[in-house]
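To convert, take the position in the sequence shown, counting from 1, and add 150; that gives the numbering used here.
By construction, these hints were calculated from the structure, which means they are not laboratory data. Don't take each hint at face value.
Simulated pairs of lysine-lysine, DSS-like, Cα-Cα distance not exceeding 25 Å [claimed, not checked]:
#1 353 x 311
#2 356 x 296
#3 158 x 224
#4 279 x 353
#5 305 x 356
#6 342 x 168
Quick caveat, the model's predicted, so the values are computed rather than measured.
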Amino acid sequence: MEVFSFEKKIKHYSSYQKILLAGEGDFSFSVCLARAFGLAVNMVATSLDSRESLMLNYSKAMSNVKELEARGCKVLHEVDVHSMSQHPFLIRVRFDRIIYNFPHAGFFSSERNRLQIWFHQDLVRGFLKNACEMLTAIGEIHVTHKTTFPFTEWKIVELAKEVGLYLVDEEQFSLLDYPGYENKRGAGMCDKTFHVGMCSTFKFAKLLYSSTTSWSGCSGINGPHMQRLHQNFVMGYLNSSSEMHRASYPFSDREMEKLTKEVGLFLVKEEEFSPWDCSCAASSFHPGTLTISLWSVDIVDMACTHLESLERKKPKHGHKNLRPP
Numbered sequence: 151m152e153v154f155s156f157e158k159k160i161k162h163y164s165s166y167q168k169i170l171l172a173g174e175g176d177f178s179f180s181v182c183l184a185r186a187f188g189l190a191v192n193m194v195a196t197s198l199d200s201r202e203s204l205m206l207n208y209s210k211a212m213s214n215v216k217e218l219e220a221r222g223c224k225v226l227h228e229v230d231v232h233s234m235s236q237h238p239f240l241i242r243v244r245f246d247r248i249i250y251n252f253p254h255a256g257f258f259s260s261e262r263n264r265l266q267i268w269f270h271q272d273l274v275r276g277f278l279k280n281a282c283e284m285l286t287a288i289g290e291i292h293v294t295h296k297t298t299f300p301f302t303e304w305k306i307v308e309l310a311k312e313v314g315l316y317l318v319d320e321e322q323f324s325l326l327d328y329p330g331y332e333n334k335r336g337a338g339m340c341d342k343t344f345h346v347g348m349c350s351t352f353k354f355a356k357l358l359y360s361s362t363t364s365w366s367g368c369s370g371i372n373g374p375h376m377q378r379l380h381q382n383f384v385m386g387y388l389n390s391s392s393e394m395h396r397a398s399y400p401f402s403d404r405e406m407e408k409l410t411k412e413v414g415l416f417l418v419k420e421e422e423f424s425p426w427d428c429s430c431a432a433s434s435f436h437p438g439t440l441t442i443s444l445w446s447v448d449i450v451d452m453a454c455t456h457l458e459s460l461e462r463k464k465p466k467h468g469h470k471n472l473r474p475p
């Protein structure tokens with residue numbers, strides 16, 4: 151029997167989210183999240199190292215792994231970020247957040263060396279390409295990375311664009327936000343920490359629909375992230391509901407017509423609609439028995455919480471671009 155638990159959060163992450171952690175060293179970041187959540191049943195933590203290598207390279211790795219497993223986290227070893235989307239356990243799983251903290255390809259030369267930078271870029275590109283295939287409809291990929299030279303030469307935002315991702319947000323990273331997390335060096339002196347310095351968490355997402363209209367910014371209600379939330383939320387309801395009422399929605403008539411046609415609906419009527427003295431158009435789609443009323447762009451908040459459950463309820467003939475979780 152599944153036991154109900156209230157949502158618990160730490161910084162960007164929630165116990166309600168399905169979270170994948172890639173490239174963990176001693177799993178201390180995973181443990182930090184698991185302790186904040188209490189239970190870690192929605193978490194999968196992975197490492198490139200084998201279980202035997204962990205014991206040799208990290209003094210606290212095995213105790214961290216045992217704690218994660220006791221809290222319900224799935225721990226996977228020998229997972230390469232270049233091919234993780236094809237891992238037998240991960241191939242059919244979709245995540246709300248995929249996290250990679252301080253990716254590093256190992257030391258081959260000076261960090262300023264162009265060949266060294268190329269190896270780092272190849273690592274990040276491989277990770278982003280695989281992670282992109284493993285996201286839920288409103289999922290995000292988080293990469294924590296130094297923002298000083300020569301690490302800026304990795305150009306991770308450009309690498310993300312290459313695989314169809316865009317930057318949602320960049321937020322300064324602080325170790326103080328994650329008690330118990332020890333950022334280990336990895337290659338070479340594995341069990342030693344390194345100086346973090348100036349660094350940020352880069353949040354990436356993908357657009358499932360293209361638009362030629364006014365969605366031009368990277369933030370705010372008219373940004374592409376909001377466009378993606380709105381469109382996928384609408385598609386979720388259109389596929390799972392037989393009637394829908396739309397009010398004050400930030401789509402052009404052409405965009406809305408395209409979305410409804412994709413699920414076989416047609417416009418019955420359009421009439422004036424004025425909740426709380428706010429005039430706007432209300433469009434009704436038919437046929438139906440279940441009515442969903444969307445009165446303003448504030449529905450984004452509800453979309454973030456409920457879209458995944460709507461996708462699970464969606465019939466099998468639903469839109470092909472909406473992945474099941």
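Comparing the hints with the structure gives:
1. 353 x 311: 12 Å, holds
2. 356 x 296: The given pair, whose Cα atoms are some 23 Å apart, holds under the 25 Å limit.
3. 158 x 224: 19 Å, holds
4. 279 x 353: 15 Å, holds
5. 305 x 356: Status holds; Cα separation ~18 Å.
6. 342 x 168: 30 Å, violated
Checked against the numbered hints above, the structure breaks only hint 6 and satisfies the rest.
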